[in-house]
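Visitor: Fit chain B to the known structure of chain A by using the hints.
Same order as they appear, the protein sequences are chains A and B. When you number the first sequence by the working numbering, it's gap-free, plus one each residue, and the end is 491. When you number the second sequence by the working numbering, it's gap-free, plus one each residue, and the end is 299.
Rather than coming from a laboratory, the hints here were simulated on the basis of the structure. These figures come from a predicted structure and were not determined experimentally. For each residue, glycine too, the CB sits at the ideal point set by N, CA and C. Each hint should be verified, as a subset may be incorrect.
Quick look at which bits of chain A chain B covers, simulated, 3 or more residues with Cβ under 8 Å [to be verified]:
| no. | stretch |
| --- | --- |
| 1 | 139 to 152 |
| 2 | 170 to 178 |
| 3 | 220 to 227 |
| 4 | 280 to 290 |
| 5 | 321 to 334 |
Some chain B residues flagged as far from chain A (calculated, every beta-carbon gap over 10 Å) [what the hints assert, rightly or not]:
| no. | residue |
| --- | --- |
| 6 | Val-77 |
| 7 | Ala-130 |
| 8 | Glu-216 |
| 9 | Asp-221 |
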Amino acid sequence: MARVKNWQLGREMSYWYPESRPKKQFAAIFDTNKCIACQTCTLACKTTWTSGRGQEYMLWNNVETKPYGFYPLGWDVKLLAELGSQQWNGSVYEGRTVFEAARPGERALGWRPGEQDYAHPNVGEDDCAGNIDKGAAFAGVHMAWFFYLARICNHCTYPACLASCPRGSIYKRPEDGIVVLDQSRCRGYQECVKACPYKKVFYNPMTGTSEKCIACYPKIEKGLQPQCFVNCIGKIRLAGFISQPEDANPDNPIDYLVHVRKLAKPLFPQLGLEPNVYYLPPVHVPTQFSQQMFGPGVEHAVREYMHADADLAGLLGLFGSTEQIVPRWKRTGDFVYGLAEDGTELVKVPLREPIHERLALDPKFDVMRTNCP
Amino acid sequence: MKSSRIVLVVSLTAAVGLPGCSQSQPIVAPVEVVVQPSTVELPDDPLDARWDSVVAFPAALIPQDMVEPRQLRVSTREVRVRALSDGVRVAFRLEWSDATRDDMPMPAAFTDACAIQLPAAISADVPAPQMGEPDRSVEITLWRASWQATVDGRGDTIQDIHPNAVPDHYPFEAASLESGSDIQRAMQQRYAPARALDNPMSGPREQPVEDLIGHGPGTLAPAATTSSTGRGKRVADGWAVVVTRRLPEGLASGKRTQVAFAIWEGGSEEVGARKMRTGWAPLLLEVKP
Chain A
119 MARVKNWQLG
129 REMSYWYPES
139 RPKKQFAAIF
149 DTNKCIACQT
159 CTLACKTTWT
169 SGRGQEYMLW
179 NNVETKPYGF
189 YPLGWDVKLL
199 AELGSQQWNG
209 SVYEGRTVFE
219 AARPGERALG
229 WRPGEQDYAH
239 PNVGEDDCAG
249 NIDKGAAFAG
259 VHMAWFFYLA
269 RICNHCTYPA
279 CLASCPRGSI
289 YKRPEDGIVV
299 LDQSRCRGYQ
309 ECVKACPYKK
319 VFYNPMTGTS
329 EKCIACYPKI
339 EKGLQPQCFV
349 NCIGKIRLAG
359 FISQPEDANP
369 DNPIDYLVHV
379 RKLAKPLFPQ
389 LGLEPNVYYL
399 PPVHVPTQFS
409 QQMFGPGVEH
419 AVREYMHADA
429 DLAGLLGLFG
439 STEQIVPRWK
449 RTGDFVYGLA
459 EDGTELVKVP
469 LREPIHERLA
479 LDPKFDVMRT
489 NCP
Chain B
11 MKSSRIVLVV
21 SLTAAVGLPG
31 CSQSQPIVAP
41 VEVVVQPSTV
51 ELPDDPLDAR
61 WDSVVAFPAA
71 LIPQDMVEPR
81 QLRVSTREVR
91 VRALSDGVRV
101 AFRLEWSDAT
111 RDDMPMPAAF
121 TDACAIQLPA
131 AISADVPAPQ
141 MGEPDRSVEI
151 TLWRASWQAT
161 VDGRGDTIQD
171 IHPNAVPDHY
181 PFEAASLESG
191 SDIQRAMQQR
201 YAPARALDNP
211 MSGPREQPVE
221 DLIGHGPGTL
231 APAATTSSTG
241 RGKRVADGWA
251 VVVTRRLPEG
261 LASGKRTQVA
271 FAIWEGGSEE
281 VGARKMRTGW
291 APLLLEVKP
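So that you can see chain A by itself, here it is in the shape it has in the complex:
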């Protein structure tokens, strides 16, 4: 085990390999408050990458309803139970990561989902789990809550899948930090499936190898965002590259939201993988739940989000506004600009869309427009 710096934990930690960060690190931000669980992202991924034999059950991208839904079943709560109660001290994690809690003979603490755990994605998770008191909808606060959690591989800085592979079949691409699994080398031991706490590596029973999200790297290489990003109906996603906190660049939209405004939070940072998909936490979820899922600082993030200033609101408007990766941004007046590295304008988005009132009665033809396109 080597000692490595994990800024999400505010401390060093143990990892199987020494610290070796890529030249650039792929990262993403998902706005949980805008997701409607339409699963368009899921289908965009599915039809692009996993339509083959042996991939029937694979969802490299999935959306699940929290706290009731899981894919695979119980992926997070099972591991949290295995890990046991752990503590944060402010922004410093004082508990054990999955690497530090590894059992004798193992490289990481993990568990392996059974076939049935993959069998029923989304089934029943939106059903009402209990009675809602009459009038609860008007009480001003949610008596019952849930939110949609869209998930892909986190392309972690310290991937547990990579650490656990005894053959070194998984690696981080040095050019963009995307975690890929070498299909010519894998022998299907499923150690990665067991070790990945997010359960984003899948075993293909037909080829006998494991497979995972590749962040659509052929698109990334062309400066384009992945399929699940550009097909998102709710425009909840933004792809880009993240810097280390000490190198944060406010002109970089990912850096701005993660490091400068501290609005976007990693998923289960306490597990120690330094995941690179960040979430704008749900605004209506009990703080304790959000803290467990997104780490310290969620109260600040929710407060900032609820009272977004022009810069913040404008930047959120860039989400889903272009297929191109937006490495730089700026706001000028009522417009937000997505820029290339050289400052070239890629996209221009108004801070507020103009309102057009469309009368129900068309005065020219004297017909009602109701239900007419």
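Guide: Quick look at chain B alone, frame taken from chain A:
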């Protein structure tokens, strides 16, 4: 082809131990194999009656607890080894107890398997028994129950695992594509990335065995070709498997090399480094007068 009677001797070191043997049995015992002249083929069926006359060696298995992921629990304790040679090839018959047949390829399911390991070069200074060393490789032949099932006729579709499964659609089976055409097969290949990259693991298989080269833990790689053959069958209390491979280069009658064995019990989630294994055992190819 020699017409003399060749005896292949498999013996085990005292260090490996022989649990289950009575005190009256010698620690190192020969396995005598009578090989008919060139017209006789080595039996490839583990249930072939000719194996009954070959002395079996009980090889004690120990957990692989040297490298992560380690096997920390004792599962299969012993493999009984018989060996025959015709002077060109050598056939090992391995038999071990295993209450469950584990040969289905599924998430979190693992296959029963066995392997035979030999040093790539005959030398008194043998490579490390743990998959060899960087400059001293080992040759391994691996048999898997899941591969055997495929060779025996099980298909590799989801319906072969779950007969009632109903996949919506595979793009490479679109009506607009002529079934079996080059375009259709190329498209199907693209949706099986391991096959597209010629990973020998990924099938389809003609043999239930694979020849491999090891240069140390984590280095296992397919040999240029697999020339070995194999066949495994369920027996009363487990598996019996015959693996036939070429004789180690330079192993003439009367000379020795080393051999090691490994067993995976799929039902105990044994896979890769999680296995029961032996240390090196002397292997003697002997000519009987």
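Visitor: Are the hints correct? Go through all of them and say.
Guide: Here is what the structure says about each hint:
no. : hint       : verdict
1   : 139 to 152 : violated (count 0)
2   : 170 to 178 : holds (count 6)
3   : 220 to 227 : holds (count 4)
4   : 280 to 290 : holds (count 4)
5   : 321 to 334 : holds (count 8)
6   : Val-77     : 7 Å, violated
7   : Ala-130    : 20 Å, holds
8   : Glu-216    : 15 Å, holds
9   : Asp-221    : 14 Å, holds
Violated hints, in rising order: 1, 6; the structure is consistent with all others.
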